[in-house]
Structure formats: C-alpha cells, structure tokens
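> Using the sequences and the hints, build the whole thing.
As they're listed, the protein sequences go chains Y and H.
Each residue of the first sequence is one higher than the last, beginning at 1 in the numbering used here.
Each residue of the second sequence is one higher than the last, beginning at 1 in the numbering used here.
Note that these hints are calculated values from the structure, not bench results.
One thing to keep in mind: the hints can contain errors.
Unchecked claim - Cβ-Cβ distance ranges computed for the label pairs, FRET-style:
1. H/L222 <-> Y/L85: 26 to 36 angstroms
2. H/L210 <-> Y/A14: 22 to 32 angstroms
3. H/D126 <-> Y/R102: 30 to 40 angstroms
4. Y/N4 <-> H/E3: 42 to 52 angstroms
5. Y/R34 <-> H/L156: 45 to 55 angstroms
6. H/P19 <-> Y/F35: 31 to 41 angstroms
No residue lacks a Cβ here, since even glycine has one placed at the ideal position from N, Cα and C.
Here is what each chain is made of, one letter per residue.
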Amino acid sequence: MEHNIYIYILLAGAVSYLLRVIPVTVFRKPITNRFVRSFLYYVPYVTLAVMTFPAILTATGSVIPGLLALLVGMVLAWISGSLPLVAMACCVVALLAELAMRML
Amino acid sequence: MKEMTKGQVFLKGMKDGMPICLGYFAVSFSLGIAARNAGITAFQGFLMSFLNNASAGEYALITTIAADAPYLEAVLITLVANARYLLMSTALSQRFSPKTKMGHRMLVAYDITDELFGIAVAREGDLEPLYSYGAFAVAIPGWAVGTAFGIIMGNLLPGILVRALSVALYGMFLAIIIPPAKKDKVVGVLVAISFAASYVASRAPGISSLSEGTRTILLTILIAGAAALLFPRNTPEEDKGGSADGA
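Set out below in structure tokens:
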C-alpha cells in the first residue's frame, strides 16, 4: 500500500459533500440544459452496470458461483424488483454453487 | 390541520427514517464485506460511510483503494458515481423556503441520498430541515455502523460465507438497474451495452491495463454521454429521484 486509506476517504468524502452542497447553496436554480439533465439521469445506470459486470464473476474467487448469482439476480430483479430479495438470492446461489463444486 | 411543533417534526423524521435505517444497515453490511476484502478496517469503514453516504460511490472507492490507485482516481470516480446527487440537490434547492438559512441548507445537503431525498420531497410545502435531521439521526448511524459491522463479521465468518456474501452488493446493483430497464427501453439497452463494454474493456489490450476505476469513469462518460445526445429526456418530473441507488 503506497497510499493512505484515510486520505482516500477524506478526498472522496469532500467530493461527495461538494456535489450535494453546491446546488443547494450556490446554484439554487434548476438545471435547464437538456443534455446535462439527461447525462446525469443515465450516469448511475451505466456506472452500476459497468461496476457489476464482469466484477461479479471474480467476486467469489471462482467464475461459476458469480455467473449463477448474476443470472439468478437478473431474472429475480426483472420479476420482483425487491432489493433485499435479489441480494439474498444472489448470496444463496453463490453459496450453493460453491458447496456443489466442492462435492463434485 | 394543526401545525406540528419543532419536536414533532423531528420525531416524524426519525419515524420515517427507521425503515431507511434498516435498509441501509443491510446494504452497508455487504459494503463492509467488500471493504474488508480491500483491507479497510472497521473504523475506516465507519468513517468512509459516515463521510460519503453513498453505496455506489463507496463501492467504487473501495475498488480504487484495493488497486492502490492514484488519489486523483478516487476523486474522479467519486465524482462520477455520485454525480446524480447534483440533480437531487438542485431539485431540493427549489423546495427550500427563501427564508431558510445557509447553515440549514448546508446541513440538509449532507445526507442527500435517493431515499432521504425521496421522503423529504414527498412532504407538502416548504422543506423542513428538522424533518430531515430526524431522518438523518437514524439513517446515518445505520449506514456507518452497518459498514463497520460488515467488516467485523467478514473477519469472523467462515470463508465460504464471506465469499457468498461478496455477491450481495452486485445483487443490489442489479435490483437497482434491472427494474427501470424493464420500463424504459433506453435504460435496458444502456445496461446491456455497459455490461458488454465493461467486459471488453477488462480484456482488450491497452484498456485492460487501466485500473478498474479509470475504466468505469471512461465508460460511464462515453456511454451516458452518447445516450444523452441520442436519447435526451423530456420531462423534468421524470428525473426527480428517478435513479435509485442504495444510498
């Protein structure tokens, strides 16, 4: 570790706060630019998708539990959309997959 | 209807914040599992969550810390992952009474998250900072303690359980991006493109040597930028809290 974890945390904390505080204190006006509005709307979906795949495949240390968790998670999220249910199901699937792999 | 006293407004905020606190605890617990894998201690995890209050942003930060990446990358990835708070904060700024003091504005801004923004704007009339403070009083500890708890439990639980719990956060991300993808075709296509592009970027020569955080920043700006150009959104109402994320 070359870098200090506290410095990372403080920097990120400062950025997070500035993003939240500047509009309510400085701008005080709605963002009217259509491109900027649309961009900010799409950003979280893209970021979360990029961070989820393929990282989920390596999260458990082997590909198959991660892949199964991804598939089950996508199907369940499509059907129910319940956040705790999807998260729990992913964990259970990954656990069962690893247990099954040990037995084979 | 009778006006509520200041104390009643604060208590109402606490009451409405309770379910959020419980949800936050569960999400931040799994965030703690990921943080532990990156070598972050329970106290550092507590501090990270106390200062950031953002699930995707913190997860991105964790990958940056795990990669021992430059500080600038931590700044940029936090900027990208939390960019949507700019939208919420601008929406919120419209709802303050012009009389609201700067100090209150600065405090309410501290924990603008999808959920806390949601309950604040759902109330009628001008924003009441005391209501938000009540909700913060339970939600912030839930989030920060949950993270620390996840790190501690990650150290205590057997490896096979920790590995299984590692996918929980991705499950939550899926629960956030898939339901809107079902309703909005553009979002659905974006999610598919993002998956594919992220995979290619993790394998392609050159790009794959960049850190995970840098790849996330570049892909987000490219894909969301292209989508905003090709499929600009119309109604401001749809944007209010339209993007949901753990915190």
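> Do the Cβ positions of H/P19 and Y/F35 conform to the proposed distance bound of 31 to 41 angstroms?
holds (36 angstroms)
> Cβ-Cβ distance between H/D126 and Y/R102: within 30 to 40 angstroms?
violated (59 angstroms)
> With 22 to 32 angstroms as the target window, see if H/L210 and Y/A14 comply at their CB atoms.
Taking Cβ atoms as reference, H/L210 and Y/A14 lie about 24 angstroms apart, which means the hint holds.
> Is it true that the C-beta distance of Y/N4 to H/E3 lies inside 42 to 52 angstroms, as the hint says?
holds (50 angstroms)
> Holds or violated: 45 to 55 angstroms for the Cβ distance of Y/R34 and H/L156?
holds (51 angstroms)
> Kindly confirm whether 26 to 36 angstroms is satisfied by the beta carbon distance between H/L222 and Y/L85.
holds (33 angstroms)
The structure fails to meet hint 3 from the earlier list, while all remaining hints are met.
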